[in-house]
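Sequences and hints are given; from them, build the entire structure.
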Amino acid sequence: MTTRRSVLAGGALGTVLGPLSGLRPAQAQAQAPAQPATAQPLTLLLDWFVNPDHGPLIVAQEHGDFARAGLDVRIVAPADPSDPPKLVAAKRGDIAVYYQKNLYLAVEQGLPLVRVGTLVNTPLSTLTVLRDGPVKTLADLRGRRIGFSVAGFEEVYVGTMIERAGLTLRDVTLVNVNFGLSSALMSGQVDAIIGSFRNFELNQLALEGRPGRAFFPEEYGIPTYDELILVAHRDRVPDPAMRRFVDAVEAAANWMINNPDEAWRMFVAGPRRELDNELNRRAWRDTLGRFALAPGALDRNRYERFGRFMQERRMIRAVPALDSYAVELPPAR
1 MTTRRSVLAG
11 GALGTVLGPL
21 SGLRPAQAQA
31 QAPAQPATAQ
41 PLTLLLDWFV
51 NPDHGPLIVA
61 QEHGDFARAG
71 LDVRIVAPAD
81 PSDPPKLVAA
91 KRGDIAVYYQ
101 KNLYLAVEQG
111 LPLVRVGTLV
121 NTPLSTLTVL
131 RDGPVKTLAD
141 LRGRRIGFSV
151 AGFEEVYVGT
161 MIERAGLTLR
171 DVTLVNVNFG
181 LSSALMSGQV
191 DAIIGSFRNF
201 ELNQLALEGR
211 PGRAFFPEEY
221 GIPTYDELIL
231 VAHRDRVPDP
241 AMRRFVDAVE
251 AAANWMINNP
261 DEAWRMFVAG
271 PRRELDNELN
281 RRAWRDTLGR
291 FALAPGALDR
301 NRYERFGRFM
311 QERRMIRAVP
321 ALDSYAVELP
331 PAR
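For the sequence shown, the positions run 1 to 333 when full-length UniProt numbering is used.
Derived from the structure by calculation, the hints contain no laboratory data. Careful, some of the hints might be misleading.
With beta-carbon atoms standing in for the labels, derived distance ranges [what the hints assert, rightly or not]:
id, residue 1, residue 2, range
1, 110, 80, 33 to 39 Å
2, 79, 110, 38 to 44 Å
3, 80, 304, 47 to 53 Å
4, 90, 143, 42 to 48 Å
5, 144, 274, 34 to 40 Å
Please read these numbers as outputs of a predicted model, since none were measured by experiment. Yeah, the Cβ is synthetic: ideal placement off N, Cα and C, and Gly gets one too.
The structure is reproduced here in structure tokens:
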């Protein structure tokens, strides 16, 4: 049974785009657009191997949006997914793909990170069960096992969601299944999985002939949040290159909506051709409408509300001042 990491990665990574120490080269562009002689170099650190969640970033590269913005963007993927925010905080990378919910923890730990844009502006995480299994409602989770990949948020998510059914964490057993969420569910090792992505695991289960049923956290007490964001060192906020980068991502995201088939072909071109499979096609389809079409816009209420939730659930000690960790960049000059 394959995992989200192995299927979305599609196999070996391609041509080097300019790796950093501790990072694995991401798959290169199929044909690099010509760069202006004065193009400003910028390194983008992904959160994961290249996958459909990164659509606007790859398309901005392939479609020439970064080049037209005067940027020479190198895209690299992490050998360790925890590295990108640390490298940006250490000024060893310019921008990283990160998670809104993790940003509060990073800021509390002293990392000088600021959200400068949004990539995916809806939650992707779900609590998933098999459609033909015994769990029809959250109340049916009493006495059952729930698989997770990464400790921390999952316990909070499960605890918050099952409160709606009158349950507590004492009524369920959490099982660390690493990254084998779908296989653990299908094999019966667990009765539900938390942290499964609605654009991936649900499609994976369907393709395996074991369709799933998802319970969406935002419908069971978890405030809506941005799944994937773009973060930079706070010292870089005044840098015009940051705004030009976000504006290029905006151009790509809007072009993708108007040209979805061409965008897909562009995404799986050249060294990324191994991503051209049914699972990734379905994931692309289900992610397309979740990309931020105005990635530079900041929903202040959304970020402050989720910060309060984190504090109420004792994930952070105090809610930081919004401007200390999330901003709208200055207009382009």
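- Report the numbers of all earlier hints that the structure fails to satisfy, in ascending order. Structure breaks hints 1, 2 and 3.
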